[in-house]
Amino acid sequence: MLFKSVFSRYMVAFGMIILISFVILAIILSAMIQSYNEQMTRDDLSQAANSVSDIIESELADSTTDIYDHVLNNYSSVQADISALTRHISELHVLITDTNGRRVISNEGATETYFHGNLSPEIASSIIDGGERSFEGDLGGILDGKHYIFAQPIGSKSGEAEGIVIACLSADYAVSYVTRTIQTIMMVSMWVMIAAIIASYFISEKIAKPLREMSKAAKEFAAGHFDVRVPVTGNDEISALAVAFNNMAADLETLEQTRRTFLANVSHDLRTPMTAIGGFVDGMLAGAIPPDKYEHYLGIIGNEVRRLARLVNALLDLSRIQAGERKFSMAPFDICELARQTLFSFEQKIDDKKLEVEFDFDEDNMIAIADKDAINQIVYNIVDNAIKFSKEGGLLKIGSHVKDKKIHFSVYNEGIGIPPEDLPFVFERFYKADKSRGMDKTGVGLGMFIARTIIEAHGETISVSSVQNEYCRFEFTLKRDASRTGIHEHKRIPQTDHRA
Numbered sequence: 001m002l003f004k005s006v007f008s009r010y011m012v013a014f015g016m017i018i019l020i021s022f023v024i025l026a027i028i029l030s031a032m033i034q035s036y037n038e039q040m041t042r043d044d045l046s047q048a049a050n051s052v053s054d055i056i057e058s059e060l061a062d063s064t065t066d067i068y069d070h071v072l073n074n075y076s077s078v079q080a081d082i083s084a085l086t087r088h089i090s091e092l093h094v095l096i097t098d099t100n101g102r103r104v105i106s107n108e109g110a111t112e113t114y115f116h117g118n119l120s121p122e123i124a125s126s127i128i129d130g131g132e133r134s135f136e137g138d139l140g141g142i143l144d145g146k147h148y149i150f151a152q153p154i155g156s157k158s159g160e161a162e163g164i165v166i167a168c169l170s171a172d173y174a175v176s177y178v179t180r181t182i183q184t185i186m187m188v189s190m191w192v193m194i195a196a197i198i199a200s201y202f203i204s205e206k207i208a209k210p211l212r213e214m215s216k217a218a219k220e221f222a223a224g225h226f227d228v229r230v231p232v233t234g235n236d237e238i239s240a241l242a243v244a245f246n247n248m249a250a251d252l253e254t255l256e257q258t259r260r261t262f263l264a265n266v267s268h269d270l271r272t273p274m275t276a277i278g279g280f281v282d283g284m285l286a287g288a289i290p291p292d293k294y295e296h297y298l299g300i301i302g303n304e305v306r307r308l309a310r311l312v313n314a315l316l317d318l319s320r321i322q323a324g325e326r327k328f329s330m331a332p333f334d335i336c337e338l339a340r341q342t343l344f345s346f347e348q349k350i351d352d353k354k355l356e357v358e359f360d361f362d363e364d365n366m367i368a369i370a371d372k373d374a375i376n377q378i379v380y381n382i383v384d385n386a387i388k389f390s391k392e393g394g395l396l397k398i399g400s401h402v403k404d405k406k407i408h409f410s411v412y413n414e415g416i417g418i419p420p421e422d423l424p425f426v427f428e429r430f431y432k433a434d435k436s437r438g439m440d441k442t443g444v445g446l447g448m449f450i451a452r453t454i455i456e457a458h459g460e461t462i463s464v465s466s467v468q469n470e471y472c473r474f475e476f477t478l479k480r481d482a483s484r485t486g487i488h489e490h491k492r493i494p495q496t497d498h499r500a
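Just so you know, the sequence shown maps onto residues 1 to 500 in the numbering used here.
Possibly wrong hints are sitting among the right ones.
Here are the simulated lysine-lysine pairs, DSSO-like style, with alpha carbons at most 27 Å apart [unchecked claim]:
hint: 1; residue 1: 406; residue 2: 327
hint: 2; residue 1: 349; residue 2: 406
hint: 3; residue 1: 354; residue 2: 391
hint: 4; residue 1: 406; residue 2: 353
hint: 5; residue 1: 206; residue 2: 372
hint: 6; residue 1: 397; residue 2: 327
hint: 7; residue 1: 349; residue 2: 372
hint: 8; residue 1: 405; residue 2: 388
hint: 9; residue 1: 406; residue 2: 391
Keep in mind that the hints were calculated from the coordinates and are not lab data.
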């Protein structure tokens with residue numbers, strides 16, 4: 001349960017990565033510091049021993065005595081020279097012996113507090129025979145504990161060894177220096193690690209918090225509350241995800257609203273004709289309607305039945321489209337002729353509204369490659385809406401133009417238009433422009449959605465432009481069959497003026 005959340009997993013992962021990284025770093029740095037300290041210690045010991053040896057050798061070159069007598073005769077000056085050469089390194093000790101290992105002088109004075117006794121003849125002999133040597137040990141017991149040691153013979157004018165100089169440094173002192181350095185590094189690393197963990201906490205929280213908000217919002221969506229939104233802060237990928245999530249929520253809210261509107265519309269469109277049909281049939285059966293009125297009321301019943309059929313067909317068409325069952329047969333046909341035939345079918349409605357009809361085609365015949373029945377359905381629906389929402393005596397213009405090797409078919413009407421806030425939703429399912437149901441008594445808000453789906457299945461586009469209370473214009477594109485242009489000859493339908 002502890003690591004189920006993204007936040008806890010991030011924190012554990014970041015904490016482990018940081019901890020392991022600093023442990024590895026501390027181990028590597030410790031090894032490097034240890035190696036560097038040992039090398040520097042050996043270099044310091046070597047430099048000190050060489051410097052002391054050079055001074056003694058130069059003084060012996062001008063002396064007629066051996067090293068023991070020379071040091072005794074010049075004890076103070078030799079002691080001062082040794083102290084001056086070794087004072088830059090704390091705990092560095094220098095011992096000078098004769099060739100037999102007998103102690104001559106050291107930088108601690110006459111007392112034997114650091115070097116206990118003389119160097120054994122065996123060790124002295126091995127140093128003289130082996131020359132310069134760097135090693136670790138206690139010089140046969142004359143030193144307390146392990147030391148880093150550098151030893152070399154002191155020569156004379158004749159080239160023979162006159163004595164031995166030994167420089168040494170306690171290993172405990174060197175280790176304590178390394179230990180203090182490592183402790184300092186570990187302390188700094190600990191504070192840096194704590195700072196990194198705190199930073200990781202806030203970074204992880206910044207990532208996890210929007211995800212928690214989205215999870216809560218998703219649960220609200222599941223409960224049907226689509227008005228919930230996720231707060232958006234910053235400008236990173238998480239913010240972009242939150243924006244996309246809110247856009248999805250807005251779409252779901254719109255879809256839910258249109259679904260409710262659709263259910264209300266469908267309920268009304270089903271209930272109204274069914275009530276009318278039932279009432280008239282019951283009236284005939286009960287004798288409330290005289291036989292001589294049967295024809296009139298049967299006509300009303302027929303209209304209501306056709307209205308129900310249109311609704312059912314639209315719903316079935318939508319179901320087939322969404323299920324991907326509707327197949328389109330692409331074949332060449334004359335879009336101009338289809339428009340003419342569609343317009344003829346609305347002749348009575350055009351006359352009733354006294355509309356001015358205008359054809360605006362680049363050519364008398366324009367051959368499109370598409371499913372003719374599907375395109376006929378779209379054109380019929382658009383023209384029907386254009387006539388329905390046209391003002392009396394207004395202009396109805398149908399046009400077809402060639403642009404970018406495509407046919408651009410358009411229907412324009414002067415009338416109530418579409419409000420600007422509704423334009424983005426014209427091609428959404430269940431949308432109805434006439435929300436008052438004052439003029440649109442037959443539509444169910446599926447025609448334009450079906451039209452868009454059909455056009456997109458052809459790989460083309462459909463669009464709408466409108467100014468409220470002025471005009472509305474629908475346009476869609478089709479693939480043109482240029483090889484068959486002009487195979488039929490038809491005359492243009494002249495502009496017809498039905499205005500009173």
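Against the structure, the hints:
1. Taken as a hint, the residue 406 and residue 327 pair is honoured in the structure, with Cα atoms around 22 Å apart against an allowance of 27 Å.
2. The hinted pair formed by residue 349 and residue 406 fails the criterion: a straight-line CA distance of about 31 Å is larger than 27 Å.
3. Simply put, residue 354 and residue 391 have alpha-carbon atoms about 9 Å apart, close enough for the 27 Å limit, and the pair holds.
4. In summary, the hint linking residue 406 to residue 353 is not supported, as the alpha carbons are separated by about 33 Å, beyond the 27 Å threshold.
5. About 56 Å separates the Cα atoms of residue 206 and residue 372, which puts this hinted pair outside 27 Å; it is violated.
6. The hinted pair formed by residue 397 and residue 327 fails the criterion: a straight-line CA distance of about 31 Å is larger than 27 Å.
7. The straight-line distance between the Cα atoms of residue 349 and residue 372 is roughly 24 Å, inside the 27 Å bound, and the hint therefore holds.
8. As the CA atoms of residue 405 and residue 388 are separated by approximately 32 Å, the hinted pair breaks the 27 Å bound.
9. For the suggested pair residue 406 and residue 391, the alpha carbons sit about 31 Å apart, so the restraint of at most 27 Å is broken.
When each numbered hint is compared with the structure, violations occur for hints 2, 4, 5, 6, 8 and 9.
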